[in-house]
Amino acid sequence: MLSKQKLRIAAFSTAVIAFAAMSGSALAQKKYDTGATDAEIKIGNIMPYSGPASAYGVIGKTEEAYFKKINAEGGINGRKINFISYDDGYSPPKAVEQVRKLVESDEVLLVFNSLGTPSNSAIQKYLNAKKVPQLFVATGATKWNDPKNFPWTMGWQPSYQSEARIYAKYLIKEKPDAKIAIMFQNDDFGKDYLKGLKDGLGAKASMVIAEESYEPTEPTIDNHIVKLKATGADVFISITTPKFAAQAIKKLAEIEWKPLHILSNVSASVGSVIKPAGFENAEGILSAAYAKDGADSQWDNDPGMKKFFTFLEKYYPEANKLDGSVVYGYGVAQTMVKVLEMCGDNLTRENVMKQAASLKGFAPDTLLPGVTISTSPTDFAPIEQLQMMRFKGEKWELFGDIISGELSH
Amino acid sequence: MSAVEDVVTEAPAVEAVPKRAMTLGYGTSLVMLGLLIVAPMFVKNFIIFQLTMLLIYGLAVLALNILTGGSGQFSLGQSAFYAVGAYTSAILMEHVGMNYALTLPIAGIVCFGFGFLFGQPALRLSGVYLALATFALATAMPQLLKLGYFEHWTGGVQGLVVTKPDAPFGLPMSQDMWLYYFTLVVTIAIYIFSVNLLRSRSGRAFMAIRDNEIAASAMGIDVALYKTLAFGVSAGITGVAGGLGAITVQFVAPDGYTISLAINLFLGMVVGGVGWLPGSIVGSAFIIFVPNIAEGISKGLSGAVFGILLFLVIFLVPHGARQVAIVAQQLIGKLKKN
Numbered sequence: 240m241l242s243k244q245k246l247r248i249a250a251f252s253t254a255v256i257a258f259a260a261m262s263g264s265a266l267a268q269k270k271y272d273t274g275a276t277d278a279e280i281k282i283g284n285i286m287p288y289s290g291p292a293s294a295y296g297v298i299g300k301t302e303e304a305y306f307k308k309i310n311a312e313g314g315i316n317g318r319k320i321n322f323i324s325y326d327d328g329y330s331p332p333k334a335v336e337q338v339r340k341l342v343e344s345d346e347v348l349l350v351f352n353s354l355g356t357p358s359n360s361a362i363q364k365y366l367n368a369k370k371v372p373q374l375f376v377a378t379g380a381t382k383w384n385d386p387k388n389f390p391w392t393m394g395w396q397p398s399y400q401s402e403a404r405i406y407a408k409y410l411i412k413e414k415p416d417a418k419i420a421i422m423f424q425n426d427d428f429g430k431d432y433l434k435g436l437k438d439g440l441g442a443k444a445s446m447v448i449a450e451e452s453y454e455p456t457e458p459t460i461d462n463h464i465v466k467l468k469a470t471g472a473d474v475f476i477s478i479t480t481p482k483f484a485a486q487a488i489k490k491l492a493e494i495e496w497k498p499l500h501i502l503s504n505v506s507a508s509v510g511s512v513i514k515p516a517g518f519e520n521a522e523g524i525l526s527a528a529y530a531k532d533g534a535d536s537q538w539d540n541d542p543g544m545k546k547f548f549t550f551l552e553k554y555y556p557e558a559n560k561l562d563g564s565v566v567y568g569y570g571v572a573q574t575m576v577k578v579l580e581m582c583g584d585n586l587t588r589e590n591v592m593k594q595a596a597s598l599k600g601f602a603p604d605t606l607l608p609g610v611t612i613s614t615s616p617t618d619f620a621p622i623e624q625l626q627m628m629r630f631k632g633e634k635w636e637l638f639g640d641i642i643s644g645e646l647s648h
Numbered sequence: 065m066s067a068v069e070d071v072v073t074e075a076p077a078v079e080a081v082p083k084r085a086m087t088l089g090y091g092t093s094l095v096m097l098g099l100l101i102v103a104p105m106f107v108k109n110f111i112i113f114q115l116t117m118l119l120i121y122g123l124a125v126l127a128l129n130i131l132t133g134g135s136g137q138f139s140l141g142q143s144a145f146y147a148v149g150a151y152t153s154a155i156l157m158e159h160v161g162m163n164y165a166l167t168l169p170i171a172g173i174v175c176f177g178f179g180f181l182f183g184q185p186a187l188r189l190s191g192v193y194l195a196l197a198t199f200a201l202a203t204a205m206p207q208l209l210k211l212g213y214f215e216h217w218t219g220g221v222q223g224l225v226v227t228k229p230d231a232p233f234g235l236p237m238s239q240d241m242w243l244y245y246f247t248l249v250v251t252i253a254i255y256i257f258s259v260n261l262l263r264s265r266s267g268r269a270f271m272a273i274r275d276n277e278i279a280a281s282a283m284g285i286d287v288a289l290y291k292t293l294a295f296g297v298s299a300g301i302t303g304v305a306g307g308l309g310a311i312t313v314q315f316v317a318p319d320g321y322t323i324s325l326a327i328n329l330f331l332g333m334v335v336g337g338v339g340w341l342p343g344s345i346v347g348s349a350f351i352i353f354v355p356n357i358a359e360g361i362s363k364g365l366s367g368a369v370f371g372i373l374l375f376l377v378i379f380l381v382p383h384g385a386r387q388v389a390i391v392a393q394q395l396i397g398k399l400k401k402n
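Chains A and Y supply the protein sequences, listed in that same order.
Positions 240 to 648 (the numbering used here) are the ones given, in order, by the first sequence.
Positions 65 to 402 (the numbering used here) are the ones given, in order, by the second sequence.
Just chain Y, same shape as in the assembly:
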């Protein structure tokens, strides 16, 4: 291995994150949860929709965080898994007439399988090479979805329109609000699952691989199995997020799942703090709201303004929201002492 390669392949594991630092304390979690439950009662439907998208992208970022922050593998191909999840849900709902809630676990399982299989060849690659391989997946996906062969199911370039579900049991709430709470429940379930996964034996195996692959295998960890497993879990969660996204946006089309989505998710992970799960939601907020802010500042130069804002974030807080949280914690600690 050349020195250059050494440097690039080690990039994701700059700093070992202790597993307790990956989550929030109970108190903070409960406050967050309370906020998320109460928030939609005071805002317009449109903002509820944005909050729903916030949770959905948060899930997708979380999935990437498990992969990169947990097992130390890069991926620029999350948009492909997201697309497969979205299309699975959309096709099952529109062609098979299945209930939307049932399509999500199926989307998750399909994507888990897809990710697990993709993880096999990806085993031979690491660092930037793996990033490139997943990048190829992301560029190929929109074209595959356009293929005439699948057109009957995918709607080809025209995409598929998805029916938005009503609130069940005659609950007096709007479709948007119902979808928000539905998404919130799914998100919390997956968040708890992810936290427990990373605290479990498998999670420790992921992190051991991330920190030092050779040492991990010397300890008896089946490196190949856990690496592909991390890919599978990450893809599965992304698939569920994709399915939720399809239901919320009510439309799937190849152009919605281009490489720019994958890059956005990657960006969200970095801004939120690599390896810090609660940061996923901060990262998701960044990729949803900051482009709008940038557009508000200058329409013609929105891309440049976004770039500057991103640069500032990376420059000032290179470890993302996690760093901000730690600083805040220290400040609070000092105040308490005084």
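With the rest of the complex left out, here is chain A:
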């Protein structure tokens, strides 16, 4: 009798333990927040498909194509990606409307690579209050690396300030008696950059003898350049977007002004800037890069770029491989997939952030050899390395070491 009771208790407790263990492991195995199920992961995105910045819409299209490729290959841990991308026309009020639609109506797991500093500033507070990850935003502003105040927001590309500091370091070392003339676009991009340059020059900020700003709506910037030439500067820093960068290169050649020309990475594309401006006019220009250039023949046999070109052929044949935005979209989408793979079956928003903050030495196919992505709970700036390069012949020649532009706080 006694033994029977004992047996029963034993059996019961075993069952309880087994059940607990099973349910425990089941819970550990699969955990979902809104937007993730056994079958799919919903990713939201906003892009300026229309409006003044519509050239960047290509990024969204590349990402869509990349996720299509992932789905065709079986998805992430068996889950298909459902990529929902809306147009915000580069207008902050529209961005808020679209992001709220993504979060409240489409119920996405996270918002990925939303583009533009104004749009991202507008939605940052909302997404952080809702605890929805705002991952790998497509802007180089420095403020996205602020895990303390905005633990749900993370950037991706090197910040404008860190890139500018690299040029400042270079100038102090190589040309300590330089007379610098700066031309910058009068918006968040230009101003952030300018600040980085001045911070980088530090006590030597007096090297800057002239600054000119232009509005992105101006048809031409020729008059600004003529004015800068008249100051007698011997270094010209061009903080410009592609159209204006090409104009500047041309104009410099036209008025036979030959300063040391530094060009922001935003406009370092061979296909959309240098070629239209003329190779012969661009000799000796300095810039810095973190990604490979699809138009640059030196990467034709690179295994990473080969994968990239195969992808374009199969999933996005109408893309212009010379467009830097395509290379960008591919790299950032790859990073997103990597993070979701790392999440395994724990697809909660919290775990997505945790995994995004524990990338270690990850190298997407399209980044320069040696440039890798690393993050930590206190470091929300995925790419912080760049390499200086000089334009020679018909392509960029990388020189020097991979430099970290990490901001020392």
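Don't read these hints as lab results, they were simulated from the structure.
Just so we're clear, the structure is a prediction, and the values are computed from it rather than from any experiment.
The C-beta atom is built at its ideal place from N, Cα and C for all residues, glycine as well.
Among the hints, a few may not be true.
Unchecked claim - Partial chain Y-side listing against chain A, Cβ under 8 Å, derived:
id	residue
1	A317
2	D319
3	G320
4	E359
5	K363
6	G367
Fit chain Y to the known structure of chain A by using the hints.
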């Protein structure tokens, strides 16, 4: 005055709108009001947000309607007034710590002054020339907001983040729903004010100027005063709309108030029916929802699809929602007779 100029300057006053045709009947107004009050109780917060934006843009379109439909003056510069209103509210809330509701009348007054002053030089212009002058205002505004001189207050290119208000007195409703009802009350107040304004002596003066300036001045109307007054009132209402917009969107930045906003408002007015105040809300719905529909049809060609839809509207109902309303009214009248 050349013949060409004659044609273009007369454009806004194609057809005299009798003042009673500018509003809705009591019954219809009450049904609309009821719908607006009940609607948010059944939808998600996100849609409430869209409805709030609908009211806000509706107000801005209404303001333009008073100016163009009422006094016959063109403006492509409404985005500038909207921006000034938005920044006034945002700065007062974030830097001075003022209550959001109090910032609205201030935004309105600041914009009224701004509009009134702008109306002075605009007096010398009419038709397309006035449209161009206001266009200049709209293009200049985003740049002015970026100026380093004001950066401490405006946040420069980075803009300003605004804190969203909670529902007061511990009311059990979400922030979005509270803001919706708050906006609704402001909208109704301004709508009633506008209707009464257009029915008043001043309103009749506006319309007399719109229909024939020379005749109006012969009747003893101070044309200069009423023209600038119309500008001031329109700017003031737009300013209040801008302030509400800043509170609802929780963010102001120069890029939010470009010329495309002004064109959208203009478009909303035309689609809603020039000079027909209730049409403002229809026009606002057009500029908020039709781009989304266009995007749903084709992402890459959303602009083209939007253009086609707009073209269809203008082609089929050139007088906008007003025309649809009149047709509907006639149909109902016929049915009643049968």
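Outcome of the hint check:
Interface hint at Y/A317: satisfied, since its Cβ lies 4 Å from the closest Cβ of chain A, which is below the 8 Å cut-off. Annotation: interface hint on Y/D319 holds; nearest CB of chain A at approximately 4 Å, less than 8 Å. For Y/G320, the shortest C-beta to C-beta distance to chain A is roughly 4 Å, which falls under 8 Å, so the interface hint holds. Interface restraint check for Y/E359: the shortest CB-CB distance to chain A comes to about 5 Å, inside 8 Å, so the restraint holds.
With a least beta-carbon distance of about 6 Å to chain A, the hint placing Y/K363 at the interface is held under the 8 Å criterion. The beta carbon of Y/G367 is positioned within 8 Å of a beta carbon in chain A (closest approach about 5 Å), and the interface hint is therefore held.
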